[in-house]
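Residue numbers (our numbering), protein chains in the order written: chain F, 1 to 471; chain Z, 1 to 471; chain R, 1 to 471; chain X, 1 to 471.
Don't read these hints as lab results, they were simulated from the structure.
Just so you know, not all the hints are guaranteed correct.
It does not matter which identical chain is meant; a pair holds if it fits inside one copy or across any two.
[Stated by the list, open to error] Computed cross-link-like contacts, DSS-like style, restricted to lysine-lysine with a CA-CA straight-line distance of at most 30 Å:
#1 Lys457 <-> Lys317
#2 Lys349 <-> Lys434
#3 Lys349 <-> Lys172
#4 Lys457 <-> Lys434
#5 Lys351 <-> Lys280
#6 Lys317 <-> Lys160
#7 Lys374 <-> Lys340
#8 Lys457 <-> Lys189
#9 Lys349 <-> Lys391
#10 Lys345 <-> Lys379
#11 Lys190 <-> Lys351
#12 Lys236 <-> Lys367
#13 Lys317 <-> Lys189
#14 Lys14 <-> Lys189
#15 Lys367 <-> Lys317
#16 Lys317 <-> Lys349
#17 Lys374 <-> Lys431
#18 Lys345 <-> Lys434
#19 Lys157 <-> Lys190
#20 Lys345 <-> Lys317
#21 Lys457 <-> Lys351
#22 Lys189 <-> Lys349
Quantities reported herein were computed from a predicted structural model and do not represent experimental measurements.
Number of protein chains: 4
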Amino acid sequence: MSGLFGAINTSDRKSDIAKTVYYGIFSLQHRGQESAGIAVNNNGTFMVHKQPGMVADIFDDVTLSALGGECAIGHTRGADKVIGSDGIQPILIKSRVGNIALSSDSSILNDDEIRDDLKNQGAIFQTNTDSEIILSLFSRNRIGTEDSEHALLETMKNIKGVYSFVLMTEDKLIGVRDPYGMRPLVLGKKGDTYMLSSENCAFDALDAELIRDIEPGEIISISKEGINSLYFDDAKTSEQRVKDGNVCIFEYVYVARPDSVIDEMSIFDSRYKTGQALAKEHPCECDLVIGAPDSGNAAALGFADGLGVPFGMGLLKNRYVGRTFIKSTQEQRELAVRMKFAVLKTQVKDKRIAIVDDSLVRGTTTKHIIRFLKDNGAKEVHVRLASPEVKFPCCYGVNASTNADLPATRMTVEEIRDMIGADSLGYISLKSLKEALPTIHCGTCSACFDGNYIAGKPCPKTDSVHNVTYN
Amino acid sequence: MSGLFGAINTSDRKSDIAKTVYYGIFSLQHRGQESAGIAVNNNGTFMVHKQPGMVADIFDDVTLSALGGECAIGHTRGADKVIGSDGIQPILIKSRVGNIALSSDSSILNDDEIRDDLKNQGAIFQTNTDSEIILSLFSRNRIGTEDSEHALLETMKNIKGVYSFVLMTEDKLIGVRDPYGMRPLVLGKKGDTYMLSSENCAFDALDAELIRDIEPGEIISISKEGINSLYFDDAKTSEQRVKDGNVCIFEYVYVARPDSVIDEMSIFDSRYKTGQALAKEHPCECDLVIGAPDSGNAAALGFADGLGVPFGMGLLKNRYVGRTFIKSTQEQRELAVRMKFAVLKTQVKDKRIAIVDDSLVRGTTTKHIIRFLKDNGAKEVHVRLASPEVKFPCCYGVNASTNADLPATRMTVEEIRDMIGADSLGYISLKSLKEALPTIHCGTCSACFDGNYIAGKPCPKTDSVHNVTYN
Amino acid sequence: MSGLFGAINTSDRKSDIAKTVYYGIFSLQHRGQESAGIAVNNNGTFMVHKQPGMVADIFDDVTLSALGGECAIGHTRGADKVIGSDGIQPILIKSRVGNIALSSDSSILNDDEIRDDLKNQGAIFQTNTDSEIILSLFSRNRIGTEDSEHALLETMKNIKGVYSFVLMTEDKLIGVRDPYGMRPLVLGKKGDTYMLSSENCAFDALDAELIRDIEPGEIISISKEGINSLYFDDAKTSEQRVKDGNVCIFEYVYVARPDSVIDEMSIFDSRYKTGQALAKEHPCECDLVIGAPDSGNAAALGFADGLGVPFGMGLLKNRYVGRTFIKSTQEQRELAVRMKFAVLKTQVKDKRIAIVDDSLVRGTTTKHIIRFLKDNGAKEVHVRLASPEVKFPCCYGVNASTNADLPATRMTVEEIRDMIGADSLGYISLKSLKEALPTIHCGTCSACFDGNYIAGKPCPKTDSVHNVTYN
Amino acid sequence: MSGLFGAINTSDRKSDIAKTVYYGIFSLQHRGQESAGIAVNNNGTFMVHKQPGMVADIFDDVTLSALGGECAIGHTRGADKVIGSDGIQPILIKSRVGNIALSSDSSILNDDEIRDDLKNQGAIFQTNTDSEIILSLFSRNRIGTEDSEHALLETMKNIKGVYSFVLMTEDKLIGVRDPYGMRPLVLGKKGDTYMLSSENCAFDALDAELIRDIEPGEIISISKEGINSLYFDDAKTSEQRVKDGNVCIFEYVYVARPDSVIDEMSIFDSRYKTGQALAKEHPCECDLVIGAPDSGNAAALGFADGLGVPFGMGLLKNRYVGRTFIKSTQEQRELAVRMKFAVLKTQVKDKRIAIVDDSLVRGTTTKHIIRFLKDNGAKEVHVRLASPEVKFPCCYGVNASTNADLPATRMTVEEIRDMIGADSLGYISLKSLKEALPTIHCGTCSACFDGNYIAGKPCPKTDSVHNVTYN
C-alpha cells in the first residue's frame with residue numbers, strides 16, 4: 001500500500017509546491033509509513049529527496065526550501081515485497097522525452113513476464129519495483145506515440161494488475177487509475193494549484209477542494225495549458241466506466257482514513273452504517289459497546305446506536321507504542337500486548353461487553369484483548385466484526401496474508417469463537433456490507449471474502465536483486 | 001512533570017529488573033517524553049543509561065541485558081526549567097554511605113536558598129536539578145543520622161515544595177512522597193519484586209498488583225529484610241495523614257492516565273463523572289456530543305450520558321503528528337493545526353455540536369477547531385470544559401503558564417466565548433469538580449483555579465550554569 | 001578516480017570473500033574516499049551494501065558476515081561529476097542473462113551520445129554514472145553474442161574514453177582495461193582465490209601474490225572453470241598491446257600508492273629516480289632538502305641523494321586534518337593552512353631550504369608553506385617539482401582542473417616563482433620524467449603536460465537528473 | 001593524557017574566543033582524541049559543549065558561533081581510567097563564588113583519600129574524575145581564603161600527584177602547574193588575547209607568540225586587570241623552582257608534538273640528538289636507516305646522520321587506519337597490521353636495514369614489521385630505540401602499562417631481540433638520553449626507566465560509579 005500525491009502550479013506566480021506535497025503525503029501516512037519522498041520539477045531540472053522513515057523525520061524546512069519548482073510528486077510507502085531501500089519512491093529517470101518522475105501504488109501481476117520481455121530487448125532493471133517496469137514500458141511505448149498520454153495508454157494495455165500512479169514529465173502532471181478503479185485517486189484544487197491524491201483527506205488538510213474521483217481507466221493530464229483526459233476504454237461513457245469499476249472494499253473497511261470520501265461515500269459513514277447493519281444481523285445482549293482501538297470505533301458507534309446500548313470506552317491504546325518494541329521472548333511478547341492496550345477496569349467490571357472490530361485476520365490480538373477484559377472482571381465478551389470472514393489472500397497488495405495464515409479458511413465461526421475465547425462471535429455478511437455503501441456508483445472487489453479476483457491472479461514470482469543499502 | 005519507577009527483587013533468584021523498569025517507564029511516558037533513563041544496582045556497583053528521546057528509542061535488548069542487577073530505578077522526564085542535557089535522570093552519586101541513585105518528580109520552591117546555603121559550606125553544583133539538591137542535602141544529613149531513612153526525613157525538613165522521588169542505595173529501594181501528597185506515588189508487587197511507581201497503570205502493564213498509595217509524608221524503604229516506613233508527621237495516624245493531604249487536582253483533570261487510580265479513585269471515572277456533572281451545570285441543546293481528541297473523550301462520554309444526547313465522532317487526531325512539525329510561517333502554523341485535526345464532515349454537517357475538553361488554557365487550538373467544525377457545516381458549536389477557569393499559574397511544575405498567558409485572568413467567560421467563536425461556553429464549577437471525586441480520602445490542590453497555593457510560593461530564581469551537551 | 005577490487009573463490013571451500021574485498025578496497029582508498037560499496041554473489045543471489053563515507057565507517061563485522069558468497073566486487077570512489085548519492089557503486093542490475101554487478105573507474109567521453117542513442121531505443125537512465133551506460137550497452141550487446149565476454153567486446157567498441165572495470169555475473173568475475181591501458185588493473189592470487197585490483201598494494205595487504213597487469217584492451221574472465229582472456233585488438237601480440245598502451249603518467253607522479261608497481265615499475269622508485277633527475281636538471285645551493293608533506297617525500301629523498309645534501313624534516317602535516325575543517329572566513333582559511341602544516345623552526349632557521357613537491361597545480365598551498373618557512377627563519381626557499389608544468393586540463397578524470405585554473409597556461413616559470421615567493425623554481429622536463437620510468441613497457445599519456453589527448457576529447461555535456469538522497 | 005587550552009580576551013573588543021580555543025585544542029589532539037569540549041564565559045554566564053569523538057566532528061560553525069564570550073577553556077582527552085562519558089571535560093560547576101569551569105591533565109595519587117575525606121564532610125561525587133576532586137577541594141578551600149588563587153594554593157597542598165590545569169572563574173583565566181613541573185603548560189599571547197596551552201605548537205598554529213613556560217608550582221592568573229602569579233614554594237626563586245622541577249622525559253621521547261618546545265628545548269631536536277647519540281652508543285653496519293612510522297622518523301634522521309648512512313623510506317603507514325578496524329579473529333588481527341603498514345619492496349630488498357623507533361613497550365608491532373621487512377627481502381634488520389628499556393609502569397598516566405606487560409622487566413635485551421626477530425637490538429642509555437636535552441633547565445622524571453617515582457606512588461583504588469551514557 002502506498003500514498004500518492006502530486007501538485008502542479010498552473011499560474012506564473014511562485015509557490016511552495018514541495019511544501020504542498022509535503023503536507024499532502026503527511027496526510028496519507030496511514031497508507032504507508034516505511035519510507036517517503038518528494039520529487040520536484042524546477043523548470044525541467046528534476047530533484048528528489050527520499051529516505052526510509054516517517055515523513056516528519058525525512059523533511060525539514062531547509063530540505064523543502066531547496067526543493068523549489070512548479071510541479072512536484074510525493075510518495076509514502078508501506079512495507080512490501082521489496083527488500084532494502086530500492087523501493088523508495090518517487091523514481092526519477094531520464095528518457096528520450098526528458099526527465100520523468102513516478103510515484104505508484106500498484107500490484108502488477110505480470111511483472112516478471114514484462115521484465116523478461118524487456119530484458120530480452122536489452123533493458124536492465126536496477127530495482128524490483130513496479131515503478132521501474134512502468135517507466136521502462138512507458139519509455140518504449142513513447143517511441144511512435146504522439147504524446148506521453150498515449151504512451152501511457154499503451155503501457156496500461158501491457159500491464160495486468162491494479163494500480164494508481166502519478167507521473168511528472170517536464171511540463172505535465174499526469175494521474176492514472178487502473179481500469180478496475182481498484183485503487184482510489186482523486187483530483188483537487190486550491191487556487192491555481194491542481195492536485196492528485198490517493199485520498200481527499202489530504203485536500204481537506206490543505207484547505208483545498210475535492211473536484212472529483214479520477215475514473216477507472218482514466219489518464220488525466222494537467223499542465224499550464226489545461227486539463228485533458230484519455231480513457232482506457234474510450235467507447236464507454238463516464239457513467240459506464242464508473243459503473244463497471246470495482247473499488248477495493250477494504251478501503252471502506254480499514255484502509256482509507258475515516259474523513260476521506262471514495263466514490264462519493266464517506267468512509268466514516270460507511271463504517272457507521274456497517275455497524276448499524278451488524279446490530280441487525282448479529283444483535284447481542286450487552287451492557288456496553290466498545291470499539292477495538294482505534295480502527296473499530298466508527299462501526300462500534302453504529303452498532304451501539306443500532307442496538308440502543310451505550311457506546312463507551314473499555315480499552316486504551318498506548319500512543320507511544322511504535323515499531324521498536326522489544327519482543328525477543330514469549331514473556332516479552334505478552335508484555336508487548338499489555339504495553340499496547342490498557343483496560344479501564346471500572347468500566348468493564350461486571351459488565352457484558354460487545355467489542356466491535358473492523359476485521360479479524362489472525363485473531364491473536366483479539367484473543368489477548370478478550371482475556372484482558374475478562375481478567376479485569378468483564379462478565380461476558382461478545383465480538384462483532386464489521387467485515388465478513390477473510391477466506392482468500394489478497395493478491396493485490398492490500399493484505400500480506402497467505403492462505404495458510406487465514407483461520408477462516410480452515411475453521412468454522414464457532415471454532416474461531418472458541419479459539420479467541422469470546423462468548424459470541426458475529427461477522428457481518430458480505431451482502432450487508434455492500435448495502436452499507438448505498439451511494440457508491442461502482443462495484444467493489446471483495447476477493448478476500450468471496451475469492452472473486454476481478455483483476456485476475458498473479459504469475460509466480462522469481463527471485464530478485466537484493467539492494468541492501470542501510471542508512 | 002516526570003514519571004518515576006523503581007523495582008527491587010527481594011528474592012535470591014535472578015530477575016530482569018532493568019526490563020521491569022523499562023516496561024514501567026514505558027507506561028509512564030504520558031508524564032514526560034523528553035528524556036529517560038534507568039539506573040541499576042548490581043551488587044553494589046551502579047550503572048546508568050540515560051539519554052534525550054523516547055523510551056523505546058533509548059533502550060534496546062543489548063542495553064537492557066547489560067543492565068543486570070537486583071534493584072533498578074527509572075525516570076521519564078518532560079520539558080522543564082532545566083536547559084540542555086544536565087537534567088536527565090536518574091542521577092548517580094557516590095557518598096560516604098556508598099552509591100546512591102535518584103529519580104525525582106519535584107518542584108522545590110526554596111532551591112536557590114538551599115543551594116546558596118550548601119555552597120557556603122563548600123558544596124559544588126554541576127546541574128540545575130532538584131535531584132542534585134536532594135542528594136547534596138541527603139549526604140550532609142546522613143552524617144549523624146542512624147540510617148538513610150532518617151537522613152531523608154531531615155532532608156524533607158529542609159525542602160519547601162512538592163515532590164515524589166525514588167532513591168536507590170546499595171541495599172534498599174526507597175520512595176518518598178511530600179507531606180502534601182501532591183504528587184502521586186504507589187506501591188506494587190509481582191512475585192518477590194516490589195515496585196514503586198508514579199501511577200498504577202504501570203503495574204497493570206506489568207501484570208503486577210497495586211498494594212496501596214504511599215501516604216503523604218511517608219518514606220517507604222524496601223530491602224531483602226522487608227518493608228519499613230517512616231513518616232514526616234509521625235504524630236498523625238495514617239488516616240489523618242491521608243486526610244490532611246492535597247493531591248494535585250490536575251492529575252484527575254488531565255495528567256494521569258485514564259486507567260490509573262489515585263487515592264482509590266479511577267481517573268477515567270472521575271472524568272466521566274465530571275462530564276455528567278457538567279451536563280447538569282451547563283446543559284445545552286445539541287444533536288451530537290464529541291470529545292476534544294483525545295483528552296476530552298472520557299468527560300464527553302459522561303456529558304453525553306448526562307444529557308441523553310448521542311456521543312459520536314466529529315474530529316480525528318492525526319496519529320503521526322509529533323514534535324518535529326514545521327511551523328516557521330503563519331500559514332504553516334495554520335496548516336499544522338489542519339494536519340493535527342481532521343473533521344468528519346458528514347457527521348457534523350447541519351448539526352448542533354457540543355465539544356467537551358478537559359481544560360482551556362490559551363484557547364488557540366479550540367478556536368481553530370471551532371472554525372473547522374463550522375467551515376464543515378456545523379450549525380452550532382457549544383464548548384464545555386471539564387475543569388474551571390485556569391486563573392492562576394501553577395508554581396508546582398504542572399503547567400508552565402504565567403499569569404500573562406491565562407485568558408481567564410483578564411477576560412470574562414463571555415469574552416473568551418467570543419474569542420474562540422463558540423455559540424456557548426460552560427466551565428464546570430470547582431465545587432462540582434471536587435464532588436466528582438467522591439471516593440478520595442484526601443483533599444486536593446486546586447491553586448490553578450482558586451489561587452490557594454497549599455505548599456506556598458517559590459522564591460525568585462537566579463541564573464544558572466548552562467550545560468549544553470548536544471547528542 | 002576510483003579504486004576497484006574483485007575476488008572470486010574458485011574452490012568449493014567456504015571463504016570470507018566479502019572480507020577479502022573489504023581489505024582490498026580499504027587499501028585503495030587513496031584513489032577515492034567519498035563513498036564505498038561491496039556487492040556479493042551468493043549462489044546467484046546478489047546483495048550490495050554501499051554508502052557515502054570511509055570504508056572503515058561503512059562496514060562492520062555484522063554487515064560483512066551478512067555478505068556471504070563466492071564472488072564479490074568492491075568500489076571506493078572520489079568526488080566526481082555525479083551529484084548526490086546515485087554514483088555510489090557497485091551498481092546491481094538484472095538483465096536477460098541474470099544478475100550483474102559493476103564497479104568502474106572510468107571517464108567515458110561520448111556518454112551523452114550513447115545515452116541519447118539508447119534512450120531513442122526506449123532505454124531509461126536512473127543515474128548519471130558511466131556504470132549505468134556500460135551495463136545498458138552490455139545488456140543490448142548481449143543479445144546475439146555468444147557470451148558475456150563478447151558482449152563486453154562489443155561494448156568496448158561503443159565506448160570512447162578511458163576505463164577499467166570489474167564486473168560480476170552469476171558465474172564469473174570479469175575485468176576489463178581500456179585499449180589505451182590508461183587506468184591500471186592487476187591480477188593477483190591467494191590460494192584458490194583470484195583477485196582483480198586497481199593496484200597491487202591491495203595484494204600485499206592481503207598477503208596475496210601479484211600475477212600480472214591486465215593488458216590494454218584485455219577482457220579477463222575468471223570462473224571455477226579457469227581463466228580466459230579476449231582482446232580488443234586480437235591481431236596484436238601481448239607485447240604489442242602493452243607497447244602500444246599509454247598509462248596515465250600521473251599514476252607515477254601522484255595517484256598510485258608508493259608501494260604499488262604498475263607495468264613492472266615501482267611507484268616509489270619512479271618518484272625517487274625523478275628526484276635524482278631533478279637534481280641534475282635543476283640543482284640548487286641549499287643546506288637541507290625537505291619533501292612537501294606527504295606526497296613529495298619520495299622525490300625529495302632522490303633529490304637529496306642526487307644533490308648530496310642531507311634530507312630532513314622541516315614541515316609536519318597534522319594527521320587530524322580531515323574534510324570537515326571550518327573555513328567560512330578568510331582568516332579561518334589562513335588558519336586552516338596553519339592547522340594543516342607546522343614548521344620545525346629549529347630545523348629551518350638560517351638554512352637554505354629546497355622543498356620538493358610532486359606537482360604544482362594552483363600553487364596556493366605552496367605559497368603559504370614558503371611564507372611559513374620564511375617567517376620561521378629560513379634564509380632561502382627553493383622549490384623543485386617532480387613533474388612538468390601542468391598546462392592542459394585532464395579530460396580523463398584525474399584532475400578536475402579547467403584551463404582557467406592552471407597558472408602554467410598563462411604565466412612563465414619566473415612569474416609563478418614570483419607569485420609563490422620562492423627564491424628559485426624548477427620543474428623537471430617531461431623527457432626526464434619519462435626517463436625515470438626505465439622499466440615500463442608501454443607508453444604514457446601526458447596530456448596534462450603536452451596536450452596530446454591520446455584517447456581524444458570529450459563531447460559537450462548536457463544537464464542531468466539530480467538524485468539528491470541525503471543520508 | 002590530555003590537551004589543555006584556555007584563552008582570555010583582555011580588551012573590550014569582541015573576539016571569537018571559542019574559535020581560538022577550537023584551533024588550540026585541534027592542535028593538541030595528539031595528547032588525546034577520545035573526547036573534547038569547550039566552555040565559555042559570556043559575562044558571567046557559562047556554557048559548555050562537549051562530546052565523545054574528534055574535535056573536528058564535535059564542533060561546527062553554528063556551535064562555535066553560539067559559544068560567544070570573553071574567556072574560554074578547552075580540553076581534549078585520551079582514553080583513561082574513567083569509564084563512560086562522565087570524564088568528558090571541561091567540567092562546569094556553580095560554587096559560592098559563582099561559576100567555575102575546569103580542564104585538567106592530571107594523575108592524582110591520593111584521589112580516593114581525598115574523596116573519602118570530602119564525603120565524610122557530606123560532599124557527593126557524580127564522576128570519577130580528578131577535575132571533580134579539584135573543584136570540590138577548591139570550593140571548600142575558598143571559604144576563608146582571600147581569593148581563588150589562594151584557594152588553589154591550599155588545594156595544591158591537599159593533592160598528591162602530577163597535574164596541569166586551566167580554570168575559568170567569572171573574571172579570570174587561571175593556569176596551574178604541579179610543583180614537580182611534570183606536565184607542561186605554557187603561556188602565549190596574540191594581540192590582547194592571552195592563552196594557556198599544554199604545548200606551544202598550538203600558539204604557532206594560531207600565529208600567537210610563546211611567552212614562557214609556566215613554572216613548576218606556579219598559579220598564574222590572567223584578567224582584564226593584568227597577570228599575577230602565586231607560587232607553591234614561595235621561598236624559592238624562579239630559577240630554583242625550574243631547576244628543582246622534573247618534566248616527564250616521555251614528553252621528549254614520544255608525547256609532545258615535534259614542533260613544540262618544552263623548557264626551551266625543541267622536541268624535534270631532542271629526538272634528532274637522541275638519534276645521533278644512539279649512533280654512537282649502538283652503531284651498526286647497514287645500508288639504509290628508516291624510521292618506525294611515524295614516531296621514529298626524527299630519531300632515525302639523527303641516527304642516519306650520526307652513522308653516515310642514508311636515511312630512506314622502507315615502510316609506509318596507511319593514513320586511513322583508525323580506531324574502527326575489525327579485528328575479531330587472529331587472521332584479521334594479522335591483516336590489521338598489514339593494513340596499517342606497507343613495505344616498499346624495492347627499497348628494502350637485499351639491504352641491511354636499521355629501523356629506529358622512539359620506544360619499545362610490548363614489541364608486538366615491531367615483531368610484525370621485522371617479519372614484513374624480511375619477507376620482502378631485507379637481508380638484515382637492526383632495531384635501535386631512542387629510549388632505554390621501559391622497566392617500570394608509569395603511575396602518572398602516561399603509559400597504561402602494568403608490570404606484567406613490560407617485557408623488559410623479565411627479559412634480557414638478547415631475549416627481546418630474539419622475540420622480535422631482529423638481527424641486533426640497541427637501546428640508548430638513560431644517561432645519553434638525558435644528555436640529548438642540553439638546554440633544559442629542570443630535571444626529568446624517568447621513573448619508567450629507573451623506577452624513581454619523583455611524585456610518589458599511588459594509593460590503591462576502589463571501585464566506582466559507572467556512568468554509562470551512550471551517545
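At most 30 Å between alpha carbons: which applies to Lys14 and Lys189, within, between, both or neither? For Lys14 and Lys189, the Cα distance is within 30 Å only inside one copy (16 Å; across copies 53 Å).
At 30 Å max between alpha carbons, let me know whether Lys349 reaches Lys172 within a copy, between copies, both or neither. Neither way: Lys349 and Lys172 sit 60 Å apart in one copy and 37 Å across, limit 30 Å.
One pair to classify: Lys345 and Lys434, alpha carbons no more than 30 Å apart. Within, between, both, or neither? between (36 Å within a copy, 22 Å between copies)
At 30 Å max between alpha carbons, let me know whether Lys351 reaches Lys280 within a copy, between copies, both or neither. Classified as both; 21 Å inside a copy, 26 Å across copies.
When no copy is named, should Lys236 and Lys367 be tagged within, between, both, or neither for a Cα gap of at most 30 Å? Neither. Shortest intra-copy (49 Å) and inter-copy (48 Å) distances fail the 30 Å Cα cut-off.
First find the shortest C-alpha distance between Lys317 and Lys189 inside one copy, then the shortest across copies, and answer within, between, both or neither for a cut-off of 30 Å. This pair counts as between: shortest inter-copy Cα distance 24 Å, intra-copy 36 Å.
At most 30 Å between alpha carbons: which applies to Lys157 and Lys190, within, between, both or neither? neither (33 Å within a copy, 54 Å between copies)
My question is about Lys367 and Lys317: at a cut-off of 30 Å on alpha-carbon distance, are they close within one copy, between copies, both, or neither? Result: close both inside a copy and across copies, 16 Å intra and 27 Å inter.
Checking an output row: Lys190 and Lys351, CA cutoff 30 Å. Within, between, both or neither? between (50 Å within a copy, 27 Å between copies)
Same-copy or cross-copy closeness of Lys317 to Lys349 [CA-CA at most 30 Å]: Cα proximity of Lys317 and Lys349: in one copy and across copies (19 Å, 29 Å).
With identical chains treated as interchangeable, where does the CA-CA distance between Lys457 and Lys351 reach 30 Å or less: within a copy, between copies, both, or neither? neither (46 Å within a copy, 46 Å between copies)
How do Lys457 and Lys317 come out at 30 Å by Cα distance, when the copy is not named: within, between, both, or neither? Classified as neither: same-chain Cα gap 37 Å, cross-chain 38 Å, threshold 30 Å.
Checked against the numbered hints listed earlier, the structure breaks hints 1, 3, 6, 8, 9, 12, 17, 19, 21; every other hint is satisfied.
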